[in-house]
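One line per chain: the protein sequences are A and B, in this order. Going by UniProt numbering, 95 is the number at position 95 of the first sequence; the sequence numbering is gapless. Going by UniProt numbering, 51 is the number at position 51 of the second sequence; the sequence numbering is gapless.
Honestly, the hints are just simulated from the structure, not real lab data. Keep in mind that the hints are not guaranteed to be accurate.
[Claimed, not checked] Sample of chain B residues facing chain A (criterion: CB under 10 Å; computed from the structure): (1) 8; (2) 20; (3) 59; (4) 120; (5) 162; (6) 168; (7) 175.
All C-beta atoms in this analysis are idealised placements derived from N, C-alpha and C, irrespective of residue type, glycine included.
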Amino acid sequence: MSAPNLFDKVWDAHAVRTLAGGQTQLLIGLHLIHEVTSPQAFAMLRERDLKVAYPERTVATVDHIIPTDNQLRPLRDSLAEEMMEAIETNCRDFGVQLLSPENGDQGIVHVVGPERGLTQPGMTIVCGDSHTSTHGAFGTIALGIGTSQVAHVLATGTMALAKPKVRKVSVDGELGPGVTAKDVALAIINHLGVQGGVGYAYEYAGDVFRNMSMEERMTVCNMSIEGGARCGYVCPDETTVEYLRGRDAVPTGEAFEKAAEWWLSLASPEDARYDDEVHLLASEIEPTVTWGINPGQSIGVGGNLPDPAELPEGERFAVQEALTYMGLEGGQKLEGTPIDVAFIGSCTNGRLSDLREAAAVVKAAGGRVPDRVRALVVPGSQRVRAAAEAEGLHTIFSEAGFDWRQAGCSMCLAMNPDKLQGRELCASSSNRNFKGRQGSPTGRTLLMSPAMVAAAALAGEVRDVRSVGAAAVA
Amino acid sequence: MSPVSQIVARGIPLPGDDIDTDRIIPARFLRCVTFDGLGEHAFEDDRAQDASHPFDDAKYADGGLLVTGNNFGCGSSREHAPQSLMRAGVRAIIAGSFAEIFAGNCTNLGVACATATPEVRSELIRLIQADPTAEATLDLEALTVTISGETYPVAMADGARDALLTGQYDFLAQLLEAAPEVAEAGQKVPYLSGFKA
């Protein structure tokens, strides 16, 4: 008999009962909400005269619509202002804590949860946002949900869910210089496909994850959803415990030691059972760049683009569609392709370590962003921004011609003024390269690590970060 | 909610894999506090770049059964995507596969998500294109789709199918019933009881 894995243990601890249709009614320990997917849910509560069942387990912030150049109220976009006012009113009326810009607590929901210690191992965490999988880095079941489900969780503290299968994704060995967590995420998605994870939760394991910082683990877990997985997680270890020690929402003193003991006990044992296992080698992962219109369409930065003529007939159409949209030619190199915009930020790569990594490349490479390239650095939260400024990172970026912004989702998703124009090509540390994702219906996105974005920004074209600043990537 | 056992509607062919929720409803239309009016913006940017997009084709204007490719609805969890399709008249979707958050959102709205093989889907698309006025019947009991006298097998996730067949697809009422059990379960979870237990 093999033993339960972390997912089994956390699921069982939160299962309330089995519903008529076979789904589990699952207790939710932390419900994060934001301005885009919550107003309709609160309206559903008002319509049915319901309260928020567990306001103390519910925390709100604003991230998607908030401008990153000028956050003064009222916001210039009246629709955005209306959404800000709606979440303020809803939080006040229903007794929910709002991490607001006025208090210096605001940021991208998947950045502020971990940085405040709201996210803790063993929790079930949901948010009306697909990148909720980020919180899996702590050994949680963390799921993106739709607005009807947001209403369910608000009203009952639970949701209906069918238990997914669990696939262990191991990456063993040591990553080469200049290869980051983002490259690991892109490599996994490339290997398993954008729908390879459908029906699964991913447990990330092996040397690479063991050696990663919490912020690196968050980057990989963040992109689980891009591989089709319902969620992804890393088992808690001493790195997890030390990250959490002393954070705002974490217990103190004896309660912390008790908590840590429970957290560590949740890790999957050596003989844990899985529905599937996959192994990748760290040594085969290169600094990776997407060239297409889904996050699985990527190559190592030095490689050649796929040539539709050389592909099996079943794959030709999708590759040609992507190359045509991107204005790229099959068989050619991607390295050296001129970019128009460089974006460092997002829930994938908008944390302090990401900004440090990019700043190190800027410092090592020297020079300035060419005038024809628009480059922006958007911290993931107000706290990240303050911490980066305390280290002088903002000066490094500003002196090199990057625009240093305020916290928000910014150019990841085109719900605020930061958008691509026309067919601009953007080197981006975000998570999606879908058609139109960055705000222009014909805009184009190349996903890569923050270090690679920094290198591309300075060169004005796609570059191998290893050739730019040897000192920075060693 | 009333049970959904059969959906009778004209078809809309929408070939292609990995059609994501940003394409179904571009993010700028998410700057809203209600779902009203989202129906008219379904696939807005795709339509602007493709004059022959089925959502702009008068032949399919009354369609309610979408037939599409693999991994439909991937990407963002925005319920705005199924809301916009539903408000544009879509009541059922037959795809090769679905992204899970999207499929869950559809079920909550009473929109049926069924899967079918590539052969079945290309036959369906051929028959819909041959006669756009033909009414297709998606039968959730029999797990079949019938159009122009031809019947094909489809599959559905058990939970979603049961929810639609029993009319229990709005889970809120069911979840509310267990409030006392939920409170009790919370006391047994270490972090919800302050690690005292």
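- Message: Name the hints, by number, that the structure is in violation of.
- Response: 1, 3 and 4
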